[in-house]
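Trainee: Residues per chain are reported as follows:
2 protein chains.
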Amino acid sequence: MDHLERLSDLLVQTNELFYDIFSEVVGRYGISYAEVFVLKHIMESPRTIGELSKLSGFPYSTISGVVDRLEKDAYVVRQKDQNDRRVVWVCLAGDLEQLEQRLPFMSKTYLGELFAGMTKEEVEQICQSFMLVNRYLQEKLAAQAERERK
Amino acid sequence: MDHLERLSDLLVQTNELFYDIFSEVVGRYGISYAEVFVLKHIMESPRTIGELSKLSGFPYSTISGVVDRLEKDAYVVRQKDQNDRRVVWVCLAGDLEQLEQRLPFMSKTYLGELFAGMTKEEVEQICQSFMLVNRYLQEKLAAQAERERK
Numbered sequence: 024m025d026h027l028e029r030l031s032d033l034l035v036q037t038n039e040l041f042y043d044i045f046s047e048v049v050g051r052y053g054i055s056y057a058e059v060f061v062l063k064h065i066m067e068s069p070r071t072i073g074e075l076s077k078l079s080g081f082p083y084s085t086i087s088g089v090v091d092r093l094e095k096d097a098y099v100v101r102q103k104d105q106n107d108r109r110v111v112w113v114c115l116a117g118d119l120e121q122l123e124q125r126l127p128f129m130s131k132t133y134l135g136e137l138f139a140g141m142t143k144e145e146v147e148q149i150c151q152s153f154m155l156v157n158r159y160l161q162e163k164l165a166a167q168a169e170r171e172r173k
Numbered sequence: 024m025d026h027l028e029r030l031s032d033l034l035v036q037t038n039e040l041f042y043d044i045f046s047e048v049v050g051r052y053g054i055s056y057a058e059v060f061v062l063k064h065i066m067e068s069p070r071t072i073g074e075l076s077k078l079s080g081f082p083y084s085t086i087s088g089v090v091d092r093l094e095k096d097a098y099v100v101r102q103k104d105q106n107d108r109r110v111v112w113v114c115l116a117g118d119l120e121q122l123e124q125r126l127p128f129m130s131k132t133y134l135g136e137l138f139a140g141m142t143k144e145e146v147e148q149i150c151q152s153f154m155l156v157n158r159y160l161q162e163k164l165a166a167q168a169e170r171e172r173k
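Chains as they are written, first to last, in this note's numbering: chain A, 24 to 173; chain B, 24 to 173.
Same shape as in the complex, but just chain A (with noise of 0.2 angstroms):
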């Protein structure tokens, strides 16, 4: 087999194991995969209903729906904008913390979690990878901006 392709093959093995465990898990925190894609956007920075539909691709009031319900389970709030009372922008009701009390697994250090038991070699050699494979990546993106441009 050509070795990109045994990458490629290997790479979507693991997003795929990361779906499952991630599906598991919300599922069991009774939180939708669509509550999880606005609360994320919404941890790095309040977003407009609008907003958060075009990053999604789903209709706004799709987008609606889910942050009712993340409004009725206290994990939101809709606050008006202080200058302009027509923007509307959906916020955490709490801070990070409490967030990440509530949903474990929206927290950073929980995906380290899922290595305990890892050596600290095994680690070293995956970060290695990892960096490589992120170099790649940010040259990838790179030439797209650059594309973009021209």
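Keep in mind the hints are simulated off the structure, nothing from the lab. One or more of the hints may lead you astray.
Restricting the straight-line Cα-Cα distance to at most 35 angstroms, the calculated cross-link-like pairs of lysine-lysine (DSBU-like) are [said to hold, decoys possible]: (1) A/Lys95 x B/Lys173; (2) B/Lys63 x A/Lys95; (3) B/Lys103 x A/Lys143; (4) A/Lys63 x B/Lys163; (5) B/Lys173 x B/Lys63; (6) B/Lys173 x A/Lys143; (7) A/Lys173 x A/Lys163; (8) A/Lys95 x B/Lys77; (9) A/Lys131 x B/Lys173; (10) A/Lys103 x B/Lys131; (11) B/Lys103 x A/Lys163; (12) B/Lys173 x A/Lys163; (13) A/Lys143 x A/Lys95; (14) B/Lys173 x B/Lys143; (15) A/Lys163 x B/Lys163; (16) B/Lys103 x B/Lys143; (17) A/Lys63 x B/Lys77; (18) B/Lys131 x B/Lys143; (19) B/Lys95 x B/Lys77; (20) B/Lys143 x B/Lys95; (21) A/Lys63 x A/Lys131; (22) B/Lys103 x A/Lys77; (23) A/Lys131 x A/Lys163; (24) B/Lys131 x A/Lys77; (25) B/Lys143 x A/Lys173; (26) A/Lys103 x B/Lys77; (27) B/Lys173 x B/Lys163; (28) A/Lys143 x B/Lys95.
Keep in mind the model is a prediction, meaning the values are calculated, not measured.
Dock chain B against chain A, hints included.
Mentor: Only chain B this time, still in chain A's reference frame:
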């Protein structure tokens, strides 16, 4: 920094880089993430709107709208079940090859192309690491399944 924390950071970065690259690519082909999500699942086997709704956590009406757009663009067709006419399957309009010709980023080889230019040794190193990562994830998944059985 704790070594597992470093691994988490790198994984989060890898994930974000993939997301950024695919966002740009997906946008270029005038298709939304929601549509790609549906196509990904349909590529494996025909699905009902109800199944797709359950898989994504989005309401039936939303997925139905996504399938409408995919049908309009001749990516999928709705087909009545031969035994039970009340059941409607969403299927690919053509074969996999045709889909991958229209949307090259849906093809497995596209992932490999992202890493074109890597040396054989680099690919080998990364494959070894991903095999290790996948082994840990598989163990995690097996442990989850074990807990559920109890």
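Trainee: Decide, hint by hint, whether the structure agrees.
Mentor: So, going through the hints one by one against the coordinates:
As the CA atoms of A/Lys95 and B/Lys173 are separated by approximately 32 angstroms, the hinted pair is consistent with the 35 angstroms bound. For a cut-off of 35 angstroms, the pair hint linking B/Lys63 to A/Lys95 stands: about 31 angstroms separates their Cα positions. Straight-line distance between C-alpha atoms of B/Lys103 and A/Lys143 comes to about 55 angstroms, which puts the hinted pair past the 35 angstroms bound. Between A/Lys63 and B/Lys163, the direct Cα distance comes to roughly 23 angstroms. Compliance with the 35 angstroms bound is thereby established for this hinted pair.
For the given pair, B/Lys173 sits about 33 angstroms from B/Lys63 by alpha-carbon distance, which is consistent with the 35 angstroms threshold. Using a Cα cut-off of 35 angstroms, the hinted pair B/Lys173 and A/Lys143 holds, with the two alpha carbons roughly 32 angstroms apart. With a C-alpha separation of about 16 angstroms, the suggested pairing of A/Lys173 with A/Lys163 holds against the 35 angstroms cut-off. Distance restraint check for A/Lys95 and B/Lys77: the Cα-Cα separation of roughly 21 angstroms lies within the 35 angstroms cut-off, and the hinted pair is therefore satisfied.
Restraint check for A/Lys131 and B/Lys173: satisfied, since their Cα atoms lie roughly 28 angstroms apart, inside the 35 angstroms limit. For a cut-off of 35 angstroms, the pair hint linking A/Lys103 to B/Lys131 is broken: about 44 angstroms separates their Cα positions. For the given pair, B/Lys103 sits about 43 angstroms from A/Lys163 by alpha-carbon distance, which is inconsistent with the 35 angstroms threshold. A hinted pair counts as satisfied when its Cα atoms are at most 35 angstroms apart, and B/Lys173 with A/Lys163 does not qualify at roughly 46 angstroms.
Among the hinted pairs, A/Lys143 with A/Lys95 is inconsistent with the structure: their alpha-carbon atoms are about 43 angstroms apart, more than 35 angstroms. A hinted pair counts as satisfied when its Cα atoms are at most 35 angstroms apart, and B/Lys173 with B/Lys143 does not qualify at roughly 45 angstroms. Taken as a hint, the A/Lys163 and B/Lys163 pair is honoured in the structure, with Cα atoms around 32 angstroms apart against an allowance of 35 angstroms. For the hint pairing B/Lys103 with B/Lys143, the CA-to-CA distance comes to about 48 angstroms; that exceeds 35 angstroms, so the pair is violated.
Restraint check: the Cα-Cα separation between A/Lys63 and B/Lys77 comes to about 20 angstroms, which is no more than 35 angstroms; the hinted pair holds. Restraint check for B/Lys131 and B/Lys143: the C-alpha separation of about 19 angstroms stays at or below 35 angstroms, so the hint holds. Using a Cα cut-off of 35 angstroms, the hinted pair B/Lys95 and B/Lys77 holds, with the two alpha carbons roughly 23 angstroms apart. Restraint check for B/Lys143 and B/Lys95: not satisfied, since their Cα atoms lie roughly 43 angstroms apart, outside the 35 angstroms limit.
Note on A/Lys63 and A/Lys131: the hinted pairing holds, with a Cα-Cα distance of about 11 angstroms set against a maximum of 35 angstroms. Restraint check for B/Lys103 and A/Lys77: the C-alpha separation of about 32 angstroms stays at or below 35 angstroms, so the hint holds. At most 35 angstroms may separate the alpha-carbon atoms for a hinted pair to count; A/Lys131 and A/Lys163 meet this at roughly 25 angstroms. For the hint linking B/Lys131 to A/Lys77, the alpha-carbon distance of about 26 angstroms falls within 35 angstroms, and the restraint holds.
Distance restraint check for B/Lys143 and A/Lys173: the Cα-Cα separation of roughly 32 angstroms lies within the 35 angstroms cut-off, and the hinted pair is therefore satisfied. Our distance criterion of 35 angstroms between C-alpha atoms is met by A/Lys103 and B/Lys77, whose separation comes to about 33 angstroms. Taking the CA atoms of B/Lys173 and B/Lys163, the gap is near 16 angstroms; set against the 35 angstroms cutoff, the hint holds. Pair hint A/Lys143 plus B/Lys95 does not hold up; C-alpha atoms about 53 angstroms apart against a cutoff of 35 angstroms.
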